[in-house]
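Asker: Chains as they are written, first to last, in our numbering: chain A, 1 to 214; chain B, 215 to 547; chain C, 548 to 667.
Rather than coming from a laboratory, the hints here were simulated on the basis of the structure. We put the CB at the ideal spot given by N, CA and C, even for glycine. Worth double-checking, as some hints may not be accurate.
Unchecked claim - Below, a sample of chain B positions facing chain A; criterion: calculated Cβ distance under 10 angstroms: (1) Asp288; (2) Ile291; (3) Trp293; (4) Ala338; (5) Leu342; (6) Glu374; (7) Leu391; (8) Ser392; (9) Val491; (10) Leu534.
To be verified - Calculated Cβ distances over 10 angstroms to all of chain C for the following chain A residues: (11) Glu6; (12) Trp12; (13) Ile42; (14) Ala60; (15) Leu95; (16) Leu97; (17) Leu105; (18) Val110; (19) Phe154; (20) Ala164; (21) Arg173.
As the list claims (entries may be wrong) - The calculated label-pair distances, taken between Cβ atoms and stated as ranges, are: (22) B:Gly277 with C:Val645: 51 to 61 angstroms; (23) A:Glu177 with C:Lys576: 48 to 58 angstroms; (24) B:Ala538 with C:Val655: 37 to 47 angstroms; (25) C:Gly567 with B:Val224: 10 to 20 angstroms; (26) B:Gly277 with C:Met592: 47 to 57 angstroms; (27) B:Gly250 with A:Ala15: 50 to 60 angstroms; (28) B:Gly277 with A:Ile112: 47 to 57 angstroms; (29) B:Pro315 with A:Trp96: 53 to 63 angstroms; (30) B:Phe322 with C:Val655: 46 to 56 angstroms; (31) B:Glu486 with C:His602: 23 to 33 angstroms; (32) B:Gly319 with A:Asn30: 52 to 62 angstroms; (33) A:Ala114 with C:Arg659: 55 to 65 angstroms; (34) C:His602 with A:Pro117: 49 to 59 angstroms; (35) C:Lys576 with B:Val224: 30 to 40 angstroms.
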Amino acid sequence: MPDNIETHLAFWYLAAASVAASLLMVSVRNPVHSAISLVVVIFHVAGFFAILGSGFLAVAQIAIYAGAIVVLFLFTLMMLDLRHLPEERVTHRQLWLGIPLALLLAVEAVVIGAGTPEVRESIKGAFPPATVSELGGSAEALAVALFNDYTLPFLGASVMLTAATVGAIVLARRIEEHERADFPRQRAQTSAANGADSAAQAEQAAQAAQESPR
Amino acid sequence: MDFWDWFIVVTKVLAVFLLLPVAPLALVLFERWTLGRLQSRIGPNRVGWRGSLQTAADGLKLGIKEDTIPAMADKGIFWFAPVMMVTPALAAWAVVPFGPPVDVGRTFGLWVADLNVGVLFFLAMGSLGVYGVVMSGWASNSKYAHLGALRSSAQIISYELVLGLGVLAVIVYSGSLSLVDIVNAQAGLWFIVPQFIGFLLFLIAAVGETNRAPLDLPEAETELVAGFHVEYSGMRWAFFFMAEYANILLMSAIAATLFLGGWHGWTIPGLEAISGVGWFVLKTGLFVFAFFLFRAALPRFRYDQLMNFCWKILIPIGALNLLAAAALRMAWS
Amino acid sequence: MPSWVAVVLLFALAFLFAVGSLVGTMALKPRRKYRAKVTAYESGMEPIGDARGRHSIRFYLVAVTFLIFDVELLFFYPWALYFNMIDDRVSLFGVGAVFLAILATAFVYEWRKGALDWNR
């Protein structure tokens with residue numbers, strides 16, 4: 001991180017905003033609002049990458065996390081009927097996992113922040129800013145690392161992506177079969193919820209559900 | 215950075231920023247004139263000289279129209295969705311190179327920022343455009359808007375992959391993600407020549423990404439009324455309109471930059487900067503005109519055709535084209 | 548760094564412009580609400596039920612597949628860059644081809660399972 005006043009200002013803004021947005025994300029009730037707050041968090045984390053000199057990661061963060069993962073969340077939320085979700089408070093199980101993790105991160109931050117110059121030097125990695133700018137940018141530096149030292153993990157990534165595809169399809173097919181069996185009944189429920197005057201319709205739909213179990 | 219560096223940066227940002235609300239107005243007018251001509255009718259001809267103030271008047275009218283929020287809508291997200299639509303469409307212009315570097319005592323380029331990940335920034339901003347669609351559709355709590363948003367966002371993300379494959383084929387040749395470097399790499403040969411398939415993929419994907427005819431399923435009037443923004447009115451509706459045209463212009467500018475050599479062309483000695491910008495505008499205009507022609511000439515796809523076309527034809531072609539581009543690059547050097 | 552400053556500046560300006568003009572035109576607008584005006588449009592009928600029901604699992608599948616292939620594309624940007632940084636391109640080409648081939652099996656599996664068919 002360059003040591004000048006603009007960078008420091010940017011850092012403190014990003015830190016404050018990302019913490020605030022994270023708190024908002026875990027505290028709002030509506031899952032869609034929560035997802036939108038997550039996008040704000042992702043944006044500010046991308047800002048950290050940018051001031052640390054890794055433009056590639058910053059942009060990848062926005063493209064993948066904001067542009068694909070949260071979109072997937074929103075898609076899933078759009079396909080659910082949010083009014084019928086059970087309300088859940090933060091459970092103790094999550095707290096037991098969360099508090100030690102937060103403490104661990106805090107200790108880590110203190111060790112690095114208050115550490116000796118040797119400690120700080122040791123975490124700089126193989127690509128200090130000088131090397132990166134010599135190579136032409138963070139994407140080029142990543143390319144050098146990826147195709148010299150990490151070729152096998154690179155191929156491993158494609159195997160994992162393949163596994164993810166297969167998993168998604170298997171899950172979706174299971175849901176789809178479930179949905180097919182469930183669809184007439186669901187329709188009956190919605191029309192029944194619309195009041196007494198459409199009760200006849202509901203009955204019809206329920207009959208259809210019995211007639212065609214598939 | 216001294217004062218003049220800051221001055222140049224701020225001036226460039228302001229120049230691009232002021233251009234943006236005006237450009238869509240001009241574009242809409244241009245489209246309506248073109249469509250009028252193509253359909254043997256007059257087109258706008260009342261407000262101003264030959265109707266040249268028509269879209270400005272439309273914009274003014276929309277600004278003073280009531281914009282309702284449906285009672286069952288999620289008000290906050292409904293209000294915010296148009297903002298999410300417009301902001302990335304305008305911010306992506308930061309990386310577009312409008313012309314060559316100029317030297318007036320101090321050398322600076324005719325672009326807002328030459329990020330070394332410029333192309334990726336453009337793609338990232340494009341992927342943020344989905345949020346406006348999803349948020350407006352979900353917040354409206356209307357069946358047409360809901361279905362329109364689901365369809366539209368599924369379409370946008372699918373065609374985004376094709377767009378990425380088209381861009382990748384260019385990067386195999388340019389060896390840089392910076393749009394300025396990509397333009398410089400085309401000084402000798404425009405990338406449309408070695409990468410004609412990539413160019414076609416990019417062009418089709420650009421039409422799909424901007425939800426334009428013939429891939430304008432989300433707006434299919436006959437079945438979804440207006441898709442995700444059916445509940446919008448007034449200024450908020452105008453923002454969706456503005457974002458669409460800003461995106462058309464952006465896609466055209468990026469296509470000109472990636473495949474037609476950006477600002478390169480014959481130059482008048484001494485006026486390199488002006489002729490460079492002229493070439494860029496001309497090439498961008500060519501693509502904008504292509505967008506209008508597609509709308510006038512081609513019938514709309516069916517939704518299943520649209521998705522099958524993307525996943526079963528374009529994406530396999532794009533992946534093979536990427537390998538072919540790499541093989542060609544190996545043979546070439 | 549200065550280029551990122553310019554990008555952030557343009558982004559902030561665009562955002563403020565969007566919010567500002569929405570707020571700014573509020574004062575100019577008439578506000579006459581009545582019930583029919585604020586119900587969701589449903590071809591002139593009273594809206595039936597809530598729009599946020601369950602939808603086809605297809606859309607979820609598209610989003611997941613998009614996510615997977617988007618990550619894959621991201622890996623290819625460094626690959627395409629590295630193609631121009633070295634002389635021995637054959638082995639690099641091989642690595643990319645193997646990567647794509649592995650993913651192609653996922654793609655073929657998806658195709659065979661009908662996850663890419665929309666008209667089913």
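Asker: Please go over all the hints and tell whether each is borne out by the structure.
Answerer: The hints, checked one at a time:
1. Asp288: Given a least distance of 7 angstroms, the restraint on aspartate 288 of chain B holds.
2. Ile291: With a minimum Cβ separation of about 7 angstroms from chain A (threshold 10 angstroms), the hint on isoleucine 291 of chain B holds.
3. Trp293: violated (12 angstroms)
4. Ala338: holds (4 angstroms)
5. Leu342: Leucine 342 of chain B check passes; min Cβ-Cβ to chain A is 6 angstroms, inside 10 angstroms.
6. Glu374: Holds - the Cβ of glutamate 374 of chain B comes within 10 angstroms of chain A, reaching about 8 angstroms at its closest.
7. Leu391: holds (5 angstroms)
8. Ser392: Status holds, d = 8 angstroms.
9. Val491: violated (26 angstroms)
10. Leu534: violated (16 angstroms)
11. Glu6: violated (7 angstroms)
12. Trp12: Consistent with the label, tryptophan 12 of chain A stays out of reach of chain C, its closest Cβ about 15 angstroms off (over 10 angstroms).
13. Ile42: The claim stands: isoleucine 42 of chain A keeps its Cβ more than 10 angstroms from every Cβ of chain C (closest is about 14 angstroms).
14. Ala60: violated (6 angstroms)
15. Leu95: holds (30 angstroms)
16. Leu97: holds (25 angstroms)
17. Leu105: Answer for leucine 105 of chain A: holds, closest chain C Cβ roughly 25 angstroms.
18. Val110: holds (28 angstroms)
19. Phe154: Since the minimum Cβ distance to chain C is about 7 angstroms, phenylalanine 154 of chain A lies within 10 angstroms and the statement is violated.
20. Ala164: Contrary to the label, alanine 164 of chain A does not stay out of reach of chain C, its closest Cβ about 6 angstroms off (not over 10 angstroms).
21. Arg173: violated (7 angstroms)
22. B:Gly277 with C:Val645: 51 to 61 angstroms: Roughly 56 angstroms apart at Cβ, these two residues keep to the hinted range, so it holds.
23. A:Glu177 with C:Lys576: 48 to 58 angstroms: Because 50 angstroms falls inside the window, the suggested range holds.
24. B:Ala538 with C:Val655: 37 to 47 angstroms: violated (19 angstroms)
25. C:Gly567 with B:Val224: 10 to 20 angstroms: holds (18 angstroms)
26. B:Gly277 with C:Met592: 47 to 57 angstroms: violated (31 angstroms)
27. B:Gly250 with A:Ala15: 50 to 60 angstroms: Since glycine 250 of chain B and alanine 15 of chain A have Cβ atoms about 54 angstroms apart, the given range 50 to 60 angstroms holds.
28. B:Gly277 with A:Ile112: 47 to 57 angstroms: holds (52 angstroms)
29. B:Pro315 with A:Trp96: 53 to 63 angstroms: Holds - the Cβ-Cβ distance for proline 315 of chain B and tryptophan 96 of chain A, about 59 angstroms, lies within 53 to 63 angstroms.
30. B:Phe322 with C:Val655: 46 to 56 angstroms: Taking Cβ atoms as reference, phenylalanine 322 of chain B and valine 655 of chain C lie about 50 angstroms apart, which means the hint holds.
31. B:Glu486 with C:His602: 23 to 33 angstroms: violated (55 angstroms)
32. B:Gly319 with A:Asn30: 52 to 62 angstroms: For glycine 319 of chain B and asparagine 30 of chain A the Cβ distance comes to about 55 angstroms; the hint holds.
33. A:Ala114 with C:Arg659: 55 to 65 angstroms: Given about 57 angstroms between the Cβ atoms, the range holds.
34. C:His602 with A:Pro117: 49 to 59 angstroms: holds (57 angstroms)
35. C:Lys576 with B:Val224: 30 to 40 angstroms: 33 angstroms Cβ-Cβ, so the 30 to 40 angstroms window holds.
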